[in-house]
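Novice: As a plain string of letters, each chain reads:
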Amino acid sequence: MTAFDDIKKQWESQAYPKTPENGSEKVLAKVSAIKKKQQITNVILSATALILIAFFFYISAYKVSRAMLGLFLMIGALGFRIVLEVMSIQRLKQLDRTLDAKNFKQQLISYYNRRVWVHGLATPLILAAYCVGFIILLPLFKENLSEGLYTYVWVSSIVLLLVFSIFIGIQIKREFHVLKKMKSETMEEDKNL
Amino acid sequence: MSYAKGDETLAKDLVQEVFIKVWEHLESFREASSISTWIYRIAVNTCLIALRSQRKMQKTTQVDSLHIPSKDEDINEKEDQLWQLHQCINKLPEGSKTIILLELEGLPQKEIAAITGISHEAIRVRIHRIKNNLTKCMKHDSI
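Protein chains in written order, with the numbering used here: chain A, 1 to 193; chain B, 194 to 336.
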């Protein structure tokens, strides 16, 4: 008996968790819950978009150029970012998990490469558009708000922008780390073949 | 459980997710491979994707939270060796860990090759190397 046979014996001797009796029912319940959640998300997103479009025409916002441009840039930037994230989550869900691990890893690497594009180009542009929109609106705020409220608006906006930038920065760093690690693992494995 | 590095809750979540994915993709199963190979592929890929997004959390939970009695407890030699085995497996690179866990589960090398996408010959060599590393680790506690 080799040393590895001993290891295998040890492995086989460990206790395994019991199989739940109603496991299949739980899985089916979760599947329908996921489908329902997806439907609700789609309904909410579509309704929000429709309401925003309707509101745009209702207040004839296309006639008030300055306020509209500022709002359009801010809401548009947020909306675009949300759409990008939703698309990204969908893409991750749609990865073909029935592939062998090597091909699946390649698929995962290409997913994260696309995320690098989002983080490297789209995110800075979105942040810039949001800031420009806000700056365009600042004179309007100054005209219509009290001095105290106006100060509160621009100070809190800078704080919020900083908090979101840090949050996005942490997320980007984490995804870059995952991508780097996966690429180095793949290279290491290719070397071992 | 080894994939989840001892985190029982995560392991249960992963099992459930694998079953959901099997259910969702069942129609795409074309009998090009055996059903077990197909399910193992989904299981390995689901673990890969889930553990990537939780990598940070794992760094803190790794070996300490293995569902095996800790060294402080009154444990016998068998449990101690099992604890050490899990530690050694967790020290292996991700790809090697996948291969050796499948080998320990008793899967034929041909099936491991089909699951991992590595040629049968290369798998044979890899398993030989990993076995040596694991045996060395169990003896000297280092890879």
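Don't read these hints as lab results, they were simulated from the structure.
Mixed in with the good hints there might be a few duds.
Stated by the list, open to error - Straight-line C-alpha distance at most 20 Å; calculated PhoX-like pairs for lysine-lysine:
(1) B:Lys284 to B:Lys214
(2) A:Lys102 to B:Lys290
(3) A:Lys102 to A:Lys35
(4) A:Lys181 to B:Lys284
(5) A:Lys30 to B:Lys205
(6) B:Lys290 to A:Lys93
(7) A:Lys8 to B:Lys271
(8) B:Lys205 to A:Lys9
(9) A:Lys26 to A:Lys8
(10) A:Lys183 to A:Lys173
Said to hold, decoys possible - Not close to chain B: a few residues of chain A, all C-beta gaps over 12 Å, as computed:
(11) Ile7
(12) Lys30
(13) Met68
(14) Ala77
(15) Ala101
(16) Tyr111
(17) Ala122
(18) Val163
(19) Glu185
Unchecked claim - Some chain B residues judged to face chain A by a derived CB distance under 7 Å, without partners named:
(20) Lys214
(21) Thr309
(22) His313
Here a beta-carbon is modelled for each residue, glycine too, at the ideal position from N, C-alpha and C.
Novice: Tell me, in ascending order, the numbers of any earlier hints that this structure violates.
Specialist: 1, 3, 6, 8, 9, 11, 12, 15, 16, 19 and 22
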